[in-house]
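**Q** Residue numbers (our numbering), protein chains in the order written: chain H, 1 to 100; chain W, 101 to 367.
Among the hints, erroneous ones may be present.
[What the hints assert, rightly or not] Calculated cross-link-like contacts (lysine-lysine; reagent style DSS-like; alpha-carbon spacing at most 27 Å):
#, chain 1, residue 1, chain 2, residue 2
1, W, 102, W, 167
2, W, 102, W, 120
3, W, 348, W, 120
4, H, 90, W, 295
5, H, 90, W, 177
6, W, 355, W, 280
7, W, 222, H, 90
8, H, 45, W, 295
9, W, 177, H, 99
10, W, 218, H, 90
11, W, 177, W, 280
12, W, 218, H, 99
No wet-lab data here; the hints were simulated from the structure.
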Amino acid sequence: MTPHYRQLNATEILDLYFIENRARLLDIASFLDRIDRYEGSDEAKADFRYQALVNAAKLLHNSDTGRTVAIQNSFSDPSTEPLESAIGLKAVGAWDGGKQ
Amino acid sequence: MKAIDPHIHMVSRTTDDYLKLAVSGIHTVSEPAFWAGFDRSSADSFRDYFFHLTVTEPARAARFGIKHYCWIGLNSKESENLQLAEDVLAIMPEFLDRPTALGIGEVGLNKNSRNEIKILEKQLALAVDRNELLLIHTPHLEDKLKGTRIIMDMILSEPRIKPERVLIDHAEEHTIREIKDNGFWFGLTLYPNSKGSPERAIDAVEIYGTDRICINSSADWSVSDPLSVLKCANEMRRRGHPDDAINKVFYDNPKAFLSQCPKFSAA
Numbered sequence: 001m002t003p004h005y006r007q008l009n010a011t012e013i014l015d016l017y018f019i020e021n022r023a024r025l026l027d028i029a030s031f032l033d034r035i036d037r038y039e040g041s042d043e044a045k046a047d048f049r050y051q052a053l054v055n056a057a058k059l060l061h062n063s064d065t066g067r068t069v070a071i072q073n074s075f076s077d078p079s080t081e082p083l084e085s086a087i088g089l090k091a092v093g094a095w096d097g098g099k100q
Numbered sequence: 101m102k103a104i105d106p107h108i109h110m111v112s113r114t115t116d117d118y119l120k121l122a123v124s125g126i127h128t129v130s131e132p133a134f135w136a137g138f139d140r141s142s143a144d145s146f147r148d149y150f151f152h153l154t155v156t157e158p159a160r161a162a163r164f165g166i167k168h169y170c171w172i173g174l175n176s177k178e179s180e181n182l183q184l185a186e187d188v189l190a191i192m193p194e195f196l197d198r199p200t201a202l203g204i205g206e207v208g209l210n211k212n213s214r215n216e217i218k219i220l221e222k223q224l225a226l227a228v229d230r231n232e233l234l235l236i237h238t239p240h241l242e243d244k245l246k247g248t249r250i251i252m253d254m255i256l257s258e259p260r261i262k263p264e265r266v267l268i269d270h271a272e273e274h275t276i277r278e279i280k281d282n283g284f285w286f287g288l289t290l291y292p293n294s295k296g297s298p299e300r301a302i303d304a305v306e307i308y309g310t311d312r313i314c315i316n317s318s319a320d321w322s323v324s325d326p327l328s329v330l331k332c333a334n335e336m337r338r339r340g341h342p343d344d345a346i347n348k349v350f351y352d353n354p355k356a357f358l359s360q361c362p363k364f365s366a367a
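Take the sequences, apply the hints, and build the full model.
**A** Take a look at the structure:
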């Protein structure tokens, strides 16, 4: 019996998602341009979060392993020891190299 | 279609949201105890909150024909205050005995600190003593990978906790494989800005399969969407997945996990 559904192929996936992902890429480019344009740009670009984002973007070129997992790992704290205290701390989206 | 949202914070939502859930096909929800957006000043605040979860909210939901269940626990953000934590732990059994309380949750880690770990150990011990289901909160963002591993080590070192009775929530691409390989259920959370999207959630379904996965909105007081579970189901449909697989992910799976508590029955 023929199933009433049909899995899409890769070109159909490209058709379905291309425009919205093009827009997402432009959002990221615009965000980086905004940092360039504003006063204090050099300081912001030295921030660990900016550096983490730029490094993560490079992982988009890597099709050998999953890009999503690689980017998630690149933002993650790789240490294993618990923090002495969490008072006053919050997640910011990228690991600061253990400075907290 | 029918769906269950296994993780939604209805105390933070309007009555209009109950109507949206009801007319859209979500007739069963479960609500973990969580952080209110500020640190509470005493265990009395938690007593009122647990009353809200076990009495007020089920009644509010029932007006719309929705079954409301809950989880009782101390969230990790407020575990840093050890005296408060001890006081809250002392009142938890009274509320775990309530007819709509399914187990201990959402408990886990936030910044992976020693005090958070200490209080999680105590809540795991309570789960063992009472044979409760566990709904685990994993840390946000850069702390998730480390915290998820610490939590799994803690649970796996307690042989009386069966992994199939534990749902590790807020999983993302870099934690799913390890959670699933260790025999736990895992939850994916759909948040418009800061967590997973419907597209990424269905990518995970395609990569890791339809077993032991539950998808939730975690809709609360922040930017969130109580209908995101159904929007995610629609994403799965438009990619051409069969109805039985969609129903498994969005209804049968949460029903199977939650039904391990005998108090639960799905609408």
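**Q** All hints, please: hold or fail.
**A** Taking the hints in turn, this is what the structure says about them:
no.	hint	verdict
1	102/W x 167/W	13 Å, holds
2	102/W x 120/W	13 Å, holds
3	348/W x 120/W	22 Å, holds
4	90/H x 295/W	16 Å, holds
5	90/H x 177/W	10 Å, holds
6	355/W x 280/W	18 Å, holds
7	222/W x 90/H	23 Å, holds
8	45/H x 295/W	24 Å, holds
9	177/W x 99/H	20 Å, holds
10	218/W x 90/H	19 Å, holds
11	177/W x 280/W	26 Å, holds
12	218/W x 99/H	23 Å, holds
In this structure, every one of the numbered hints holds.
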